[in-house]
Amino acid sequence: MPRDSFWLEPFSAEYRFVRVDLATGLEGTELANITGGSVERNQDTAIFEQGSVDYVGTLDMGTDLLRVYLEASSPWTGESRTEALGTFYVSTPKVSADGAVTTGSADIYGRLRALAQDDFDGPYVIPAGTNMVDAAKKIAEGCGLEVVADESDAALTSTWVLGISTTSSDDDRTDSKLAAVNRLLEAAGFLAAHTDPYGRVLFRRYVEPDQRPISFDYVEGPDCRMTLKLDREHDTFGVANVIHVDYSSQDISVRGTAVDDDPDSLYSTVSTGRRETARYDLSDLPTSVTEDSNILSGAAGMQVGSGTKESGTYRQSDSHGSISTVYVPDSPQTAVFFGLKVASDGGRIGFCQDRVGSLKEGVPVTQSLWIKGTKGARVSLQAWWVPSLSAGPPLHYATLTGEWQRLVATETPADNYSDVSAGYVYLEAGGEAVVVADKVEEGAVATPWPQDAIQEAADAKAATLLNDSRSVIQRVNCTCIYDQVSVYDAGNLRLPAAGLDVDHACIRTQAISFKDGCPMNIEARKFERSAA
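Position one of the sequence shown corresponds to residue 0 (numbering that gives the first Met the number 0), numbered consecutively onward.
One or more of the hints may lead you astray.
Taking lysine-lysine pairs in the DSS-like style, the calculated list, with each CA pair at most 27 Å apart, reads [claimed, not checked]:
hint: 1; residue 1: K308; residue 2: K359
hint: 2; residue 1: K374; residue 2: K340
hint: 3; residue 1: K340; residue 2: K308
Think of the hints as simulated: they come from the structure by calculation, not from any bench.
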């Protein structure tokens, strides 16, 4: 959409302050006693916009909103434009008196304050599979807000419980409905919720700054809208060279890691001689998760119990020793930290799980696991056993080395079997062993655990964020005459006289004053990425 050339010419500015009915959204009477004010929009503050207005006499808004319009007119052509500058809640005014003249100042807040000041009355459950943006929209609309959202197919991979803390970490808190909305939007790859001048709540998909369309082009010359008085920052000291991404749910916690150790990178651990670490906590697990094909249940926890698939526990098989669940800090399987310890008192002892389901004739079955135990001890694997027939496939034997070993064995059922037991692991005679990640599945190949795919996705996310973090932020603070731009917009700032030449800078903050010329103070910033 081409830019309106009207805003490149001088204009005179007047303002209208209009009541808006909170329930209907319809505009009402104009307020003639408001004399000015300002509003600031900031992408890093929760409610996005707030400010104040000055007035003479009294100002009783009741429950009405306040909408501010700029009425701009060209002294040369007679053309005019009307621009909405914002729609706000108005606080209880502050009043001063000087003789017979009463003046006051009232604080104004964007519509997101309704979400920021509200919370859930109890646990708010969003089931796995729910569209994240739809869930955020439902919360916002429940507070009486109009939402305009980009389409998204991003869905939760685990159930979320909002409104309460599920861990002791402050990062897990959702102290308000706005915090809950923004957590959902972030997980969906969206910007934080923000508002347009008419008070509508916007859910917009995140676009990398250097990929956003150019909305303004402030170039030195007769059409320049900037003053030459500006401030700049360009600091390289805090550029991160190590990124940790922590994903967590009720069942799993995974840390993705990426390290810039390239000697040719200006900000790497090698070039700077130090680690500058940044950590990101992400609530929803990556969506690229391998399906869990294990016919055993509870294999990540390996709890001892009745030993049925329904219970998710394992039972002892044979009587020459004991089995127990143990914490395994050096587990070789990603995100699995519990295993079964098998201790033999001189004879055969092991474990299995009963009633795991059926097996099909001619379809291979593969058992895989990690094991570490007494060097020289003999162990055996048996993928399944059919209790009704007192029969199963041949045992597969291995000798322990004292270190972690990956054991895999495949057998093919000769018939259709139902109600089988599976996942047998035995110590044959003496010694101890710890088993983690016991898996039995159809097929001739042992497939990765779901946690492996999650770890891979977490590392990939960390690598993406490392690329962003190997960026130096250049900030420019300047004053401009009003233009049709807002926070998140990208554009060019080219003022050779001030030594400024920045392209694709994005507006982070914008402060608009309701006075002559409608000046804007903006902070624009650009991420200058390392070539590494």
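For each hint, the structure was consulted:
1. At roughly 18 Å between alpha-carbon atoms, K308 and K359 fall within 27 Å of each other, so this suggested pair holds.
2. Taking the CA atoms of K374 and K340, the gap is near 15 Å; set against the 27 Å cutoff, the hint holds.
3. With a C-alpha separation of about 19 Å, the suggested pairing of K340 with K308 holds against the 27 Å cut-off.
Going down the numbered hints, you'll see the structure goes against none, and every one checks out.
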